[in-house]
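Novice: Chains as they are written, first to last, in my numbering: chain A, 1 to 327; chain B, 328 to 881; chain C, 882 to 1186.
It should be emphasised that the hints constitute simulated quantities derived from the structure, not laboratory data.
Please read all numbers here as calculations on a predicted model, not as lab measurements.
Hints should not be assumed to be uniformly reliable.
Unchecked claim - BS3-like, lysine-lysine: derived pairs with alpha carbons at most 25 Å apart:
id, chain 1, residue 1, chain 2, residue 2
1, B, 452, A, 51
2, A, 51, B, 751
3, B, 358, B, 847
4, B, 820, B, 619
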Amino acid sequence: MSYLLRRLEFFAITLWAALTVNFLLPRLMPGSPAEAMLVRFHGRVSPQTVKAMEIALGVHSDQNIFQQYFEYLGNTFTGNLGVSLTFFPTSVAKVVMLALPWSLGLVGTATVIAFILGTLVGMLAAWRRGGIFDAILPPVLIIISAFPYFWIALFCLLLFSLTLNWFPLGFAYDLTSSINLSWDFIGQVVSHAFLPALTIVITSIGGWILTMRNTMITTLAEDYVKMARAKGLSPLRIMLQYAGRNAILPNLTGFAMSLGFVISGAILVEIVFNYPGLGFMLLQAVNGEDFALMQALFLLITVAVLVAVLIADVLTAWLDPRTREAT
Amino acid sequence: MRRNRFLAAMAALVVLASACGTSSGGNAQAKVGGTLTIDNESGGLWSCAFNPFNGSVTGLSVGIFYEPLVYDNLLTDKKTNWLASGYEWSPDNKTLTFTARSGVKWSDGQDFSADDVVYTFNLIKQHPELDLQSVWSVLSSVTKSGTDKVVMAFANSAVPYFFPIADQVSIVPQHIWSALKDPVGDSIANPIGTGPFTLGQCTPQNITYTRNANYWQHGLPYLQTVNYPAFTDNDPANQFLAAGQAQWGGQYIPSIDTYYVAKDRAHNHYWFPPIDNIDLWFNTTKAPLDNKAVRQAFAFGIDRNQASQKGESGYEPPGNQTGVPSPTFDSWIDQSAVSKYGYKFDVSKATSLLQSAGFTKNSSGVMQDSAGHKLSFNVITIAGYTDWDATLQVVADSLKQVGIQVKVQDLSSNDYFDKLFSGKFDLAYGSLNTQPGPSPYYELRNTMDSATTAAIGQTASGDYGRYKNPAVDALFDQFGATTDSNKQHDLIKQIQAVMLEDVPVVPVTEGVAWYEWSTKDFAGWPTQQDPYAAPAPWNLPDMEVVLIHLYKTS
Amino acid sequence: MAVPALASQEIAEPVEPRAGVLRNVFSSLMSNRKALAGLAVLLLFTLVSVFAAVIAPYDPHSLQFDALLPPSLQHLLGTAANGQDIFSQLVWSTRESLLLAVVAGVFATAVSVVIGVTAAYLGGAWDHVLNLFTDVFLVIPTLPLMIVIAAYAESHGVWVLITVITVTGWSYGARQLRSQALSLRNREFLDAARVRGERSLYIIFFEVLPNMTSLIVAIFLGAALYAVLAAAGLQFIGLGDTNDLSWGTMLYWAQHNGALLAGQPLWVIAPGLCIAALGGAFALVNYAFDEISNPALRPVKKRKR
């Protein structure tokens, strides 16, 4: 119980610290939203127009920085995220919802697949020491995960989309479709998401396989595993329920963090495959000095990662009583 | 008076001619139908907002849903009456009267009238946030006269403002907008306009426009649907175009002959008409850049041909020192003045100019004068504009031979514009942030007229180098007071002479309208031989004119 | 996407006498095939960057050649869109790419060590605060941080990238170092040192750290790998100095000139392969290191049944 309380306290303080950093970060950048507007509008906007726009957009603040800070904290907790500058006049909440499902869907699913596949292969590699899985796969995978992501993505795009025409050239679904829940639409989503997901899995699976393999090997040397083998339990059962279950624990935190970071999108995926997502939106927000959108996205990422880590910590503590003593 | 009526008659004829089709022919057989896809990198997702006064989304609604009073071709300055069936300047050029066209309907069936025009302009007056063209900086009133006339009164004669007022302001329906609680903040998700298309569907990744069967130019448009997808970056957009999935592009495409044309030699074309200049700006308040001789040395020391070839792959022609883009505005260029000054890449001429000004090469090969001023500068540019970076490499290389050292500083977009607008730079590379116009006046004015600038540290909308020359300011004012074409040409000649003599900026290359098109399924495209509109999908409202000319061939 | 540092390092290590550690490590590395392969690649790149002027046939900045020439004997990989020889660029780029990897890796590791070990050693409130600090950095998004830092720097060069990579890359290692340092905190040899009257700083530097060498090396290798990929990614988006010569910026220019589709695929393939080779080398050595320090991980020959 005290462990849980300590973790919650940690969570709260880290959240507050991250929120404060998120508040300061946009304000530390050079230029101003007014100038960003001037640039974007390409017009002969007069100073009066700029001033009026600033007021309309709520950018020109008469409050000092502390007042703004407290207002920011208050707004965050009541869910008032403001209006986006880059996507004016759409509210930040609505803008984020344009891309959030796609980031969660694509990157989230790909990460989960990579983790599950990676963990299984890692377990297998550790179980069958000396076999093909163990001797050849890890070094090969190390090399593959050292390739820059966009490089692999570009080649996949070139090969599978442009040359072979097996997959569409980008976007999340066919251009003329509207978003609905028909089988046809779902089919489109899957076919458009296949290549981006494939590239994410290829580049990240290596890490999961290796970490799982190494923890598994160490676990397999433990006494209780030897005991299980001596008892004559089936290899599959030992691999999954005895060794695997314990070997996976150290990786849970890492996996949780990856899931949290899913929300930050995968900007390179979005650029190469022209996929709607939060990564590119964040870049746009930063470039457009869109404080409201930036803060909302930072907040989303921070909360997602912290919640994920908290859940992982709690899960680990529940599954492995030993960790409750540590720290 | 007579001349104006003659002009009005000509204008009417022009409308008739353009409505019936262009010299590209074949419009008699043009049938309604076809789906066109536009390829223009927009950077991300559509938020499905279509307010024509929202600078971020003008490209999605201006021309398509909302139309101007008079269409003024950006390349040729040819005026075509649009929502106005005629217009007339008063003799003192202080009053402009438009006649609202009859027989025009809004897409919800209501009639268009002069009331809508008056309402639109007064709406902008009431809400300065909507005044994207700063028209109320020169207008004093807009009122209705009679049943169908709109009278605009100016505080002082401002003839060049015809372009922003007549061509760039979108007319919106009074019966819809007067009921809006917040015209600035309303996203206008269901736009009602007079234009050739209505909104079919909008998703975050694509907008579908559908043909307006009740469009006032009967029989037009031919296209049934137009798709406008959202691209995050140039590369996916270019790939889409090259793969033939879009037919009309407005992109910078590298190695365009191999990348795009080679994919379908019979049908893929491109044309890049110059519309403005990409200049090397001098901070004329800082020594030694305040010295005219130094600036002239730059003008002789930059190899503009190489810059165009190596930096822009030859897509952007080299700039000329008059500041008037060629060949688009050739009729305005004073060839005798150009030959008199003879600006070209000439290392010895540049060096001798500097030497006469008291500079000598120091031990590291950099020119220095007795006061200790070294000709060594930073030039700011935008990170990500790879062609500008490549051009600046050429510029730096050529200037090095003269003894001028230039170091390139890539800044983030915000940082760059912050420094550019507030004058916090030695040298800056780039074009004017404001749009060009249908004659060289607009760009030249925003480059040199000190009325457009501000003190160092304040935000300037033009003349970033803080160049001050009262004589040239007066010339610009005189231009603004006359509708006489001969007088206008003469004034531009005098202004060019100042550009050639004082060199407030060095136009290195000319900015172009990126334009690619495929004749595989569609015809009616603007070409160099038939520039009936500025051809890029981001030229507003010219893109509407293109859209209503296009028709399906298969 | 960085390879997370191997979790096996969190298990307490057998304590070895200080002097023998480095010698043992060296001989073990030499007998491990993966390590040899990785080290060979690193050596190759080091040699190339030192002797770049000799190996590269032309000045990499020279614009004298025609643009987009196909590969030939004069231009092994062809020329770029502005006429620069791609092979010469590749050779000279080795310097900056290697520099980024090693220096950023070292800095990130150094910060990890300082914060992780200090947190473990000081304990109590300090530990709490430093842990909080580490966690906050763990969740800061890299990209906006990069842009903010870059916006403050006069130029976008190598040092800005190194700063960003260090700032975003230290927190993961710090956590691991802290847990290992915690487990070492109460060992007898440390008590002996304290009884002797040695100062805390001495104890940290000369007693604790040497026993964490293998973990520190592993973290450095992981950080170097992260640096290689992070730098490449950031430069690819254009957030580095695009006038610099490094593999990441080569990819940036290649992509923006449509190299793949415009018939100059080698311009994209070559720097990509080099980045993969460098990153792969660090990863291989890291992997081998793991095997050496944890005998259970060493390759096993399949027993004949």
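Novice: Does each hint hold? Answer for all of them.
Specialist: Against the structure, the hints come out as follows:
{"no.": "1", "hint": "452/B / 51/A", "result": "14 Å, holds"}
{"no.": "2", "hint": "51/A / 751/B", "result": "22 Å, holds"}
{"no.": "3", "hint": "358/B / 847/B", "result": "16 Å, holds"}
{"no.": "4", "hint": "820/B / 619/B", "result": "20 Å, holds"}
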